[in-house]
Amino acid sequence: MASKRGGAKVRAERTPAGPDLASSVPWYRLMVLTRRFEDEAERAFRRGKIGGYLHLYSGQEAVAAGFLAAIRADDIFFTAYRDHAHAIFRGTPPQAVMAELFGKQTGVAKGKGGSMHLFDVPRGLYGGYGIVGAHIPLATGAAYALRYQGTDRICLCFLGDGAMNSGSFHEPVNMAAVWGQDGMCPIVYIVENNKYAMGTSVDRSTVVTHLASKFGLHGIENEQVDGQDFLTVRRAAERIVARVRATGRPYAIEAITYRLVGHGAADLFQPYRNKGEVEEWKQRDPIQILERELHRAGVLDDAQVAAIHKEAEEKVAAAIKYAEESPEPPPEELPRDVSAQG
Amino acid sequence: MASKRGGAKVRAERTPAGPDLASSVPWYRLMVLTRRFEDEAERAFRRGKIGGYLHLYSGQEAVAAGFLAAIRADDIFFTAYRDHAHAIFRGTPPQAVMAELFGKQTGVAKGKGGSMHLFDVPRGLYGGYGIVGAHIPLATGAAYALRYQGTDRICLCFLGDGAMNSGSFHEPVNMAAVWGQDGMCPIVYIVENNKYAMGTSVDRSTVVTHLASKFGLHGIENEQVDGQDFLTVRRAAERIVARVRATGRPYAIEAITYRLVGHGAADLFQPYRNKGEVEEWKQRDPIQILERELHRAGVLDDAQVAAIHKEAEEKVAAAIKYAEESPEPPPEELPRDVSAQG
Amino acid sequence: MAQVLTFRDALRATLMEEMDRNPAVVLLGEDIGVYQGTFRITADFLTRFGPKRVIDTPISELGFVGAAVGMAMLGLRPVVEVMTWNFSLLAADQILNNAAKLRYFSGGQVNVPLVIRGPNGAGVQLSAQHSQSLEALYAHFPGLWVVAPATPADARGLLLTALRGKDPVVFLENAALYGAKGEVPDGDAPIPFGQAEIMRRGHDVTIISYSRMVHLALTAAEQLAQTGIEAEVINLRTLRPLDRETLIRSVRRTHRAVVVQEQWRPFGAAAEIAAVIYEGAFDLLDAPVERVTGADVPMPYARNLELLALPHERDIVAAVQRTLYRQ
Amino acid sequence: MAQVLTFRDALRATLMEEMDRNPAVVLLGEDIGVYQGTFRITADFLTRFGPKRVIDTPISELGFVGAAVGMAMLGLRPVVEVMTWNFSLLAADQILNNAAKLRYFSGGQVNVPLVIRGPNGAGVQLSAQHSQSLEALYAHFPGLWVVAPATPADARGLLLTALRGKDPVVFLENAALYGAKGEVPDGDAPIPFGQAEIMRRGHDVTIISYSRMVHLALTAAEQLAQTGIEAEVINLRTLRPLDRETLIRSVRRTHRAVVVQEQWRPFGAAAEIAAVIYEGAFDLLDAPVERVTGADVPMPYARNLELLALPHERDIVAAVQRTLYRQ
Ligand SMILES: Cc1ncc(C[n+]2csc(CCOP(=O)(O)OP(=O)(O)O)c2C)c(N)n1
Ligand SMILES: Cc1ncc(C[n+]2csc(CCOP(=O)(O)OP(=O)(O)O)c2C)c(N)n1
Ligand SMILES: [Mg+2]
Ligand SMILES: [Mg+2]
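Chains as they are written, first to last, in this note's numbering: chain L, 1 to 342; chain H, 1 to 342; chain P, 1 to 327; chain E, 1 to 327.
To be clear, the hints were calculated from the coordinates, so they are not data collected in a lab. Note that the coordinates shown come from a computational prediction; the quantities given were computed from them, not determined experimentally. Watch out, some of these pointers could steer you wrong.
As the list claims (entries may be wrong) - Using C-beta positions, here's what the derived DEER-type ranges look like: (1) P/P190 to E/R326: 40 to 48 Å; (2) H/E332 to E/G179: 33 to 41 Å; (3) H/R72 to P/V4: 33 to 41 Å.
Glycine included, every Cβ here is placed at the ideal spot set by N, Cα and C.
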């Protein structure tokens, strides 16, 4: 399925068992947690508890999980507005994310940013951005800064397939390649190719649907990966991250994935795709794929799986409760944070 | 020399003699004329007769000449600010161009546009633009319009190597490829790769120095050509233009060329290149190359060459005189042309 | 005769009629076709007019706005939908350096009959990057017309003018108004640019606004009437050109003015409107012109803060009272 | 002590000192290195500081301004040279939607200590796409500081403040001033933002301006003095924040004000300045505030038309006379 569009050659790098299976259990737990989180967030949206736009990551979890599993605690990352899972995977407490969605003072950004603008700088999450593609220049400059400061920290930049048609994509990616020649741009661009930008499928917005290859023409090494398989993504991520850290050169990966839900909570009818396609992709749900794998390897049994689901349910319920009960930001917050010196 | 950067494979398509030699004489004449025009314009600039920026095309003549020789009278084209030759090749009277540079009422744009903004819409020149890359979207949309209107007219879009690093380049070129699938984008993108964007050489601004190949990234067929050889350019242009006209699909060509003069009249010291490089390229002056060819084939003799140079001298002298003696635009012109309805 | 339509349907119907009438009209934008339009202004248009006239674009604002300018130069009449005006900042160069100016720098050789339309201003909890009202920015540039309809009738009448003119038009809608209903005259009645409408007569003070804020002004005026203050309410309809005459005539009668805008006060639209009033009615003003504006902060997400950041009826009432020295 | 420096050298020296002092300062821009800078502000910097700190960029305004924002978020202190501010429109999204707002929407988690600098305003015959004065546009957006120095001393003092603050600064220079000389105080004396300077004392009228226009105002004031009119001349130095106090205090004394800006009048900076004056000195104003501005047209190329499009000393003199009802 991954090779449907653009004749993608997907690297196969899975190892059937081994040490990374046990270490994947916490990621399985996080993926279950975020899925539940997204479901409940949507419900809260329908109840009018969450406003604005709400973009869910359901179906794409293995991509961010695989990469965030592969970086160090002091590495950093940027993403777009579909960002809840990225924060939670990285350790941001779900209740602080939910409180942000509820617009509460206890949210990660004190309720000022909302769903699209999650930030958790101590954990390396530099946002959460709403203008498609516009975080790509930021991430590229941030990667330069990390090297300039003499560290071996690296930067991840998640982006959508739709973002690749913007100048916000091409301009910094070209610069990253130039800077990379001097080892000054330790960044991994991770395309979450979920087939659609809102209602526009990849093949309606560009002729070259092998998206990874577009990085090649800027001089950046690249590959595709099956984005539904956590173990595959993680293995690729570990290899890529090590190399980028060592060389200071950019690298790009296109993860073939699918969003099982609407573009945003308002996208109910989805006239741009048919039910069959969604059903087909449900067979490749990344959580089930990982679950099966862990099951088969004997790392998880049914009871443990049930417990993990129950735990997720409880955590998210607690997050909802926390968000619900948290205070709104006080009026004094309105003028705060506009600038540092004023 | 053309293959120095990026391992360019340059198509060789020259025929040593034949009917296109005789028909190239008028183009030789125009190339001599524009070279003289540029020299005199620079002199007028030094005398304070021309203001603002002044970007000369000297050394690159074969590129625009080769392509403009290959299109029909009802075809159209767009270019950047290095546009004098493009207008004159197309038949805009040199005196109307010179008068524009002098800021006179008799200029092609009544003195309102100046050197960077030559327009001659009746002859298909849709400008003359000063923001690098920003005419590329216009030309792309214009090409769509030509097909939408049911014609088989085509559009040429000249652009610089430097422009290719901008979003103004990538965004429309991607769209052109998409529209081309339905035969709705009859455009030829012609990169005038003169090695530098002001003082920045191509290899300092991008890793992929085979610029034609960047169009491939967007799914557009492309090739390189030796931009110093009029006959080669023209032959390629004829083939490409015929194909674009027939298919309605975009095509791209990178002409390897060189500007023998400074970026603009203010670029005196040129710290970004050495004299030797300039001297080397003088050996490949497009006017001399064509002259030699016509000479060898017996289409032009020494006396004719001398006459052509003399004629150019006179025409440009007349243009200078005309420009000098033309009236300034009257004050009433100031508010005119801002909008059609107000 | 007239019929009652929503703002959305007024736009839809007008666009559709004009497309039926004039084959040169083409639409470009993100998700206007297959997806049926984010705000469903163009729902069913793809089926009706086909993909050559209803062009779904990639996420390339700079590219497709520029392409539309090029189409306009060749005699088409493109209508670009920006999914929201926030994204127009990516196309600012094409709008401000090409569309607005190229008629001038070509010495009048080309027209740019282009309409760029979409929702402007704050929505509900869309936060800082998606809650901007950009009229002051665009209205600064000669060569553009800047239109901000308040009612379905405005929407129709001004869109007709936009679609038949020869110049680029920045057409600023407001998502909160799409569902609002109002009488729309039948038939072919374009509203000329630069013609404000007096929505309510009054002699004590003039309240001036445009787009969504007009409705707040009307509500405020009703509230004020209950305290014996009769406010005149002016709907500007267009910011460029500005109908100085109607403005000034009214203020010279009422001696007091309140200008209402949604966006940040500094260098906002109300400053220009106030300056025009002072210049035309200085000797007859009994109080400084009041500006009612949004808070000078990027828009916060939390609903309670967002409400604090936006102007409200009570702010208009208070401003009016200040002009009458009642506070 | 003080030394006489050109505006250019004041900028150069200040940048250089600060780069010597603070390794976090890096420069980005087109042709600032090998080419030595279009206006030679950064001549020799590449040799002195090396290519990691003096970064020649491709023609990618959106990309490199955005990258600089990212660098700033990580604690560097990038200084971006836009070759001219005209090109900043391509980066408008990064400046207005990211740099200006991200401190806010992150709930204060990140600072953006970024300076974007370069020449603003008309040059000589650069025509419509290269002759724009964008202060009104940028000053509308909270989260940015907008600086427009008039003298070499301003250039140094304000650049120091910009380079040491934690916020994004839009630093608007003027190419016509680069060669202008003036006294520059030695040592470390940043000029705080929001502190206007009274350049000339007078009691008959206050002339308010910034950047190059301050010099026209001073010349006009000299001419007026010969006719017995003593004008006070205020150099605003920063548009955001605006030094309302100095402005208002002066006008409350002189009872008359003339605001001078280079750019188009509608929705220009002078409207905001005038509105602030009215709001603060309404009761003491003896005449409407006069706005002296450029013509409301894209800048024409022809020198004679260009001169007609720009404000001149005589326009200021005439405006002052109107405020005194001498015309
Ligand atoms: C510049 C810009 N244009 C349009 C939008 C509206 N918009 C929001 S999300 C989106 C689709 C983005 O698709 P993609 O990059 O594939 O990310 P995905 O939503 O699939 O994760 C669009 C068009 C926007 N936010 N920014
Ligand atoms: C967007 C933009 N950035 C910067 C400039 C300043 N500038 C004018 S020409 C030029 C170089 C362009 O190089 P190229 O595209 O190769 O064209 P060439 O001058 O070589 O013909 C630059 C940087 C500009 N005009 N527009
Ligand atoms: Mg997508
Ligand atoms: Mg070049």
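Note whether the CB distance of P/P190 and E/R326 lies within 40 to 48 Å or breaks it.
-> holds (45 Å)
For the range 33 to 41 Å, tell me whether the beta carbons of H/R72 and P/V4 fit it or not.
-> violated (54 Å)
Pairwise beta carbon distance, H/E332 to E/G179, judged against the given window 33 to 41 Å | holds (34 Å)
Violation of the numbered hints given earlier is confined to hint 3; every other hint is satisfied by the structure.
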